[in-house]
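Per full-length UniProt numbering: the sequence shown = residues 1 to 170.
What the hints contain is simulated information worked out from the structure, not anything from laboratory work.
C-beta: ideal position from N, C-alpha, C; glycine also.
Pair by pair, the computed Cβ-Cβ distance ranges are: (1) 153 - 86: 22 to 28 angstroms; (2) 166 - 97: 32 to 38 angstroms; (3) 161 - 64: 42 to 48 angstroms.
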Amino acid sequence: MNGPLTAVALLAEVSFTGLFPRGIAQYATGGVLIGLGVSTIYLGTAITPGASTFFESTLSYVSALPRFNRATYLASRDWRVVFTLSMVAGAAVYALLLGEGGWTTDVRAWRLLVGGVLVGVGTRIGKGCTSGHGINGLASLSKTSFASVATFVSVAIGVALTMQALGVTP
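Let the hints inform the model, and build the full structure from the sequences given.
This is the structure:
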């Protein structure tokens, strides 16, 4: 040991290893790819991409309600469908190539469906999703996005700890 700095470095390494036992390369790669995707969409459309608008813009294909037929939805609905399907396709490719038999969760399908619906409703009530606020909003130093992300994370931690304490399993 070479003094307090070595002890701090050792503590940081132990903590880091505990948090990321398989390393950070996959997370760094994902972050770079997400950043490139968001930048490409923004530079190509001048619209900050987020997933929550997909639902309402897609309903413009089948609904005559004015809420779903705003000019911004009509102008962006095609690329929003491609954007969302690309996220689903990316997850499917990952699961098929690197997952165990194409499925990477023990969570029952009905819980995934209910969770997805609740998240979709929540993102509309919250005026945006984790991708919109967490990636675009934080990068643009939006105070609203900082508050939204703090809320998302706090509620997620609280729900996860509550479910764990109640013994709820997938």
